[in-house]
Amino acid sequence: MKWEKVMGLEVHLQLSTHSKIFSSSATAFGADANTQTNPLDMALPGTLPVLNHAAVSQAVVFGLGVGAEIGKVSRFDRKNYFYPDLPKGYQISQFFEPIVKEGVFEVPLEDGSIFPVRILRAHLEEDAGKSVHDAIPGHTGIDLNRAGTPLLEVVTEPDFRTAEQVVAYLKALHALVTYLGISDGNMSEGSMRCDVNLSLRLEGETEYGTRTELKNINSFRFIERAIHVEAERQQDLLESGQGVVQETRLFDPDNDETRSMRSKEVANDYRYFPDPDLLPIVIDDETIERIRDALPELPAVKRGRYTTELGLSQYDANLLTQDRATAEFFEACCAASNNPKATANWMLGDLSAAVNKEGLAIGGGKVTPEGLGSLISRIDDGTLSSKMAKTVFEGLWAGEPDVDRIIEDRGLKQVSDSGALETIVDELIANNPAQVDQYRAADDGKQKKLIGFFVGQAMKASKGQANPQRLNQLLKQKLG
Amino acid sequence: MTGPFETICSLAKELDAGRISSRELVEDAIARTETLNPDLNAVIAMNKPGALAAADQADKARADGANSPLLGVPLLHKDIFCTRGVRTSCASKMLTDFVPPYDATVVKKLHDAGMVSFGKCNMDEFAMGSSNETSFFGAVKNPWDLNRVPGGSSGGSAAAVAAGLAPLATGTDTGGSIRQPAALCGITGLKPTYGRVSRYGMIAFASSMDQAGPMARTAEDCALVLNAMAGHDPLDSTCADISVPDYSAGLEQSIEGLRVGIPKEFFSSHLNDGVAATVSAAIKELEAAGAVIVDVSLPSTDLGVSTYYVIAPAEASANLSRYDGVRYGYRCDSPSDLQDLYLRSRTEGFGEEVKRRILIGTFTLSAASYDQYFMKAQQVRRLIAEEYQSVLKDVDVIVGPSAPNTAFVLNDGSKSITDMYMEDLFTIGANLAGLPAISVPAGLVDGLPVGMQLIGSRFGEAQLLNIAHQFQIRTDWHSLTPDLEDLTG
Numbered sequence: 007m008k009w010e011k012v013m014g015l016e017v018h019l020q021l022s023t024h025s026k027i028f029s030s031s032a033t034a035f036g037a038d039a040n041t042q043t044n045p046l047d048m049a050l051p052g053t054l055p056v057l058n059h060a061a062v063s064q065a066v067v068f069g070l071g072v073g074a075e076i077g078k079v080s081r082f083d084r085k086n087y088f089y090p091d092l093p094k095g096y097q098i099s100q101f102f103e104p105i106v107k108e109g110v111f112e113v114p115l116e117d118g119s120i121f122p123v124r125i126l127r128a129h130l131e132e133d134a135g136k137s138v139h140d141a142i143p144g145h146t147g148i149d150l151n152r153a154g155t156p157l158l159e160v161v162t163e164p165d166f167r168t169a170e171q172v173v174a175y176l177k178a179l180h181a182l183v184t185y186l187g188i189s190d191g192n193m194s195e196g197s198m199r200c201d202v203n204l205s206l207r208l209e210g211e212t213e214y215g216t217r218t219e220l221k222n223i224n225s226f227r228f229i230e231r232a233i234h235v236e237a238e239r240q241q242d243l244l245e246s247g248q249g250v251v252q253e254t255r256l257f258d259p260d261n262d263e264t265r266s267m268r269s270k271e272v273a274n275d276y277r278y279f280p281d282p283d284l285l286p287i288v289i290d291d292e293t294i295e296r297i298r299d300a301l302p303e304l305p306a307v308k309r310g311r312y313t314t315e316l317g318l319s320q321y322d323a324n325l326l327t328q329d330r331a332t333a334e335f336f337e338a339c340c341a342a343s344n345n346p347k348a349t350a351n352w353m354l355g356d357l358s359a360a361v362n363k364e365g366l367a368i369g370g371g372k373v374t375p376e377g378l379g380s381l382i383s384r385i386d387d388g389t390l391s392s393k394m395a396k397t398v399f400e401g402l403w404a405g406e407p408d409v410d411r412i413i414e415d416r417g418l419k420q421v422s423d424s425g426a427l428e429t430i431v432d433e434l435i436a437n438n439p440a441q442v443d444q445y446r447a448a449d450d451g452k453q454k455k456l457i458g459f460f461v462g463q464a465m466k467a468s469k470g471q472a473n474p475q476r477l478n479q480l481l482k483q484k485l486g
Numbered sequence: 052m053t054g055p056f057e058t059i060c061s062l063a064k065e066l067d068a069g070r071i072s073s074r075e076l077v078e079d080a081i082a083r084t085e086t087l088n089p090d091l092n093a094v095i096a097m098n099k100p101g102a103l104a105a106a107d108q109a110d111k112a113r114a115d116g117a118n119s120p121l122l123g124v125p126l127l128h129k130d131i132f133c134t135r136g137v138r139t140s141c142a143s144k145m146l147t148d149f150v151p152p153y154d155a156t157v158v159k160k161l162h163d164a165g166m167v168s169f170g171k172c173n174m175d176e177f178a179m180g181s182s183n184e185t186s187f188f189g190a191v192k193n194p195w196d197l198n199r200v201p202g203g204s205s206g207g208s209a210a211a212v213a214a215g216l217a218p219l220a221t222g223t224d225t226g227g228s229i230r231q232p233a234a235l236c237g238i239t240g241l242k243p244t245y246g247r248v249s250r251y252g253m254i255a256f257a258s259s260m261d262q263a264g265p266m267a268r269t270a271e272d273c274a275l276v277l278n279a280m281a282g283h284d285p286l287d288s289t290c291a292d293i294s295v296p297d298y299s300a301g302l303e304q305s306i307e308g309l310r311v312g313i314p315k316e317f318f319s320s321h322l323n324d325g326v327a328a329t330v331s332a333a334i335k336e337l338e339a340a341g342a343v344i345v346d347v348s349l350p351s352t353d354l355g356v357s358t359y360y361v362i363a364p365a366e367a368s369a370n371l372s373r374y375d376g377v378r379y380g381y382r383c384d385s386p387s388d389l390q391d392l393y394l395r396s397r398t399e400g401f402g403e404e405v406k407r408r409i410l411i412g413t414f415t416l417s418a419a420s421y422d423q424y425f426m427k428a429q430q431v432r433r434l435i436a437e438e439y440q441s442v443l444k445d446v447d448v449i450v451g452p453s454a455p456n457t458a459f460v461l462n463d464g465s466k467s468i469t470d471m472y473m474e475d476l477f478t479i480g481a482n483l484a485g486l487p488a489i490s491v492p493a494g495l496v497d498g499l500p501v502g503m504q505l506i507g508s509r510f511g512e513a514q515l516l517n518i519a520h521q522f523q524i525r526t527d528w529h530s531l532t533p534d535l536e537d538l539t540g
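Chains A and B, in that order, are what the protein sequence lines are. Per this note's numbering, the very first residue in the first sequence carries number 7; after that it's consecutive. Per this note's numbering, the very first residue in the second sequence carries number 52; after that it's consecutive.
Hints in this document: simulated from the structure, not taken from any laboratory. C-beta atoms are modelled at their ideal positions from N, C-alpha and C, and glycine is treated no differently. Hints may be right or wrong, so weigh each one.
Incomplete in silico selection of chain A near chain B, CB under 8 Å [to be verified]:
no., residue
1, P45
2, A60
3, P90
4, G147
5, I148
6, R277
7, L284
8, V288
9, I289
10, D290
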């Protein structure tokens with residue numbers, strides 16, 4: 007029997023507004039407990055939510071970014087449940103009429119192909135606070151800094167069959183939201199949280215099996231692992247004739263297993279109903295067009311441009327568009343180098359290696375796009391040999407900003423000037439008549455070996471700065 | 052010299068002429084409250100030092116040339132309005148220790164207009180009740196007969212004004228909670244259009260219907276106060292951004308030719324005969340003033356109560372979820388776990404009627420009954436609103452009784468819960484439709500006040516106040532006061 011995984015995703019994106027979705031409290035990460043709260047965040051009696059329109063604009067930006075339909079009239083609803091980190095006893099969310107409706111999001115896969123994911127909806131909601139279990143001995147504390155932070159929950163159709171597709175989708179989603187500037191997508195800080203709905207069915211089957219929901223997995227690596235162990239667990243259950251119980255499970259990376267969180271058999275009835283404190287969000291066509299016009303170039307468009315206009319491989323284009331910062335680095339670097347292919351090679355080669363070693367993002371080191379660009383142009387104009395270029399790169403990496411200055415300071419300039427090289431070659435021929443005769447008498451194959459002597463001597467004479475190509479040319483001409 | 056039953060308008064003249072100071076007025080009000088309140092139980096919090104300081108400030112401002120009709124006039128706030136630094140309980144055990152760090156917008160606006168708040172009025176717990184018997188602080192007595200209820204939920208406010216403790220008290224009205232107690236206590240109470248007055252800082256019962264308004268002796272006073280209360284508030288998204296007219300400006304206009312619609316459903320078998328006769332006589336007064344009386348029909352009137360008692364508890368069940376014993380408010384002793392904390396804090400902290408409505412609301416919103424109850428009620432609500440709007444195309448104002456009965460006796464065991472809910476029969480429509488409505492004293496039956504209700508078009512408060520004022524020029528029911536001499540000694 008061959009089992010097929012069927013997965014749908016719910017991703018919570020924290021939108022990058024300065025204040026909360028219904029209050030003026032700040033949303034910064036990492037502040038002292040309860041310092042970013044006001045009476046509304048604490049749900050004091052009589053307080054009322056006032057919508058932060060920046061969150062609405064960002065939701066529309068997202069909708070347009072995934073090519074989805076925008077809800078012209080969307081509403082907020084109350085989702086009722088009791089939990090200590092939920093101060094009002096209900097979460098304001100969008101249940102009946104979400105702001106973003108169906109769309110299709112194109113996800114680039116490792117092999118360069120495109121995997122279309124159907125977006126079912128995306129809706130605005132407020133985050134809850136969090137329980138703090140270790141701050142006060144014997145007690146559970148509540149930190150409401152996060153309560154009311156704007157979230158966009160993005161729900162897909164059950165279109166995923168492999169963990170690789172899931173990870174590719176999340177990476178593409180991460181790239182998209184950082185491009186759009188609507189979320190920092192930081193998984194470790196909880197700005198991007200992923201729930202995976204997973205069920206198994208026999209290959210060829212059209213019905214869905216019973217699913218479990220894997221909650222809040224906070225790294226790409228863990229998602230892949232969590233899917234793997236949960237699929238194995240379900241497979242064992244199904245093959246031994248036991249059923250899968252529909253429930254929420256938590257991935258425990260330390261023990262490499264998933265654990266039941268709560269059973270949906272005693273599922274909460276959330277008693278959704280329209281929130282009477284908030285007016286419907288009405289978005290007219292004009293607003294949608296205004297937001298559309300202001301959108302940055304999206305990853306998919308960039309990928310297309312990089313392959314067709316700049317001649318990059320699909321693989322390189324995918325890598326360079328993975329996040330906005332990388333693409334912006336690349337484009338700034340190209341502007342200075344005028345050589346997209348070499349720029350791609352340097353960025354994905356030496357620069358990637360260097361930043362990866364330090365655990366940095368591509369622009370995280372001291373190398374500026376302008377610096378790397380001018381390095382490349384100095385190779386192209388013959389100033390630098392590829393060996394010299396490595397030395398210059400080390401200078402850039404160390405924080406020296408000016409490529410020409412590095413070349414100057416270290417005396418790295420290649421001698422390509424014909425006059426200077428000719429003098430060297432002429433002297434060499436005059437001082438080594440025996441070798442010249444030997445060369446001239448030899449056949450083609452032998453000449454190739456013998457020319458090495460002249461090249462070595464000339465390099466020595468130029469203190470290693472002779473342009474090897476020009477030198478070769480000149481020697482062949484004068485000896486031949 | 053002024054007596055306890057002076058209107059704001061006459062007090063303003065006295066203050067302006069320098070014949071009395073705000074300090075004296077406020078001291079008198081506090082003294083009278085201290086004397087009468089042990090019997091009335093209308094006031095459940097006093098802020099004497101704060102009030103006297105504010106009165107002195109008002110006197111100083113007046114001496115410095117400030118002049119506004121409300122400057123230095125004392126008032127009481129219903130204890131549903133958050134008052135910074137002054138305990139705000141909503142008459143619930145749940146909030147007996149709650150001191151808000153902010154003022155409700157209504158409180159702030161009236162303070163900014165120079166009014167001096169000296170205390171907080173009793174009410175039905177979380178505004179849930181029509182008799183003021185659900186208060187954690189005990190029932191309020193009707194100044195006209197201490198064995199009877201003042202109505203509710205703004206019963207403390209109505210009793211306070213009726214007993215002359217203050218010329219003004221604020222109230223809130225979700226299903227009749229300003230108009231019914233105003234009627235039962237013989238005062239004037241206005242429920243503005245939904246969205247006319249900010250709900251910020253007003254403790255929520257049913258958010259889609261809650262609306263604050265003035266409770267005073269006359270329509271003229273209500274107009275003065277509404278001028279200060281109304282207007283857009285960025286802190287309440289449902290508060291309309293519509294300019295506030297001068298509600299006092301048009302009071303003297305004639306109502307000749309005004310079309311007054313009398314819905315036949317308001318004079319049904321539910322209506323007490325004495326009340327019916329009194330209201331009919333009052334309508335004759337309007338006719339005598341030149342109004343044209345038109346028979347109209349609001350066929351869905353009977354559905355109002357059941358519609359309201361689905362929607363209001365549903366919203367309340369969510370609004371009251373925040374009282375969980377975690378951050379503030381009542382918390383049970385030594386909870387064994389989280390579930391126990393929730394269960395006992397809420398069981399012990401809420402009164403019976405509040406718990407009943409939370410349960411009703413939780414039920415009607417549950418997945419299994421949402422379509423059958425909540426959705427259906429929303430549909431009927433729209434139907435009722437359309438009926439009102441359609442009638443108001445034909446007539447300027449709808450007139451009828453404010454309540455089916457006069458004040459009933461306290462702890463009347465024969466009155467069932469549904470009988471109690473029927474108290475709101477005539478007032479609920481205006482809440483479901485979001486319309487402004489006013490109750491004015493229209494006469495006495497067996498020595499107990501009767502209220503006439505006028506319901507207007509959205510944002511038509513000016514016209515309602517104009518009609519009510521014209522009625523009060525021609526009648527003196529609003530000038531009658533209960534005999535409290537036994538109490539004042």
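Here is what the structure says about each hint:
Taking 8 Å as the C-beta cut-off, the interface hint given for A:P45 holds, the closest approach to chain B being about 6 Å. Interface hint status for A:A60: violated, as the beta-carbon distance to the closest one in chain B is roughly 16 Å, over 8 Å. Nearest Cβ of chain B to the Cβ of A:P90: about 5 Å, under the 8 Å cut. The hint holds. Interface restraint check: A:G147 against chain B, minimum CB-CB distance 11 Å, threshold 8 Å, status violated.
Because the beta carbon of A:I148 sits about 7 Å from the nearest beta carbon in chain B, less than 8 Å, this interface hint is met. Hint status for A:R277 relative to chain B: holds, with the closest Cβ pair at about 4 Å, below 8 Å. Interface hint status for A:L284: upheld, as the beta-carbon distance to the closest one in chain B is roughly 5 Å, under 8 Å. The restraint placing A:V288 at the interface with chain B is violated, with a minimum CB-CB distance near 13 Å, outside the 8 Å limit.
A cut of 8 Å between beta carbons decides the hint on A:I289: the least distance to chain B is about 16 Å, and the hint is violated. Interface hint at A:D290: violated, since its Cβ lies 18 Å from the closest Cβ of chain B, which is beyond the 8 Å cut-off.
The structure does not agree with the numbered hints 2, 4, 8, 9, 10 stated previously, though it agrees with the rest.
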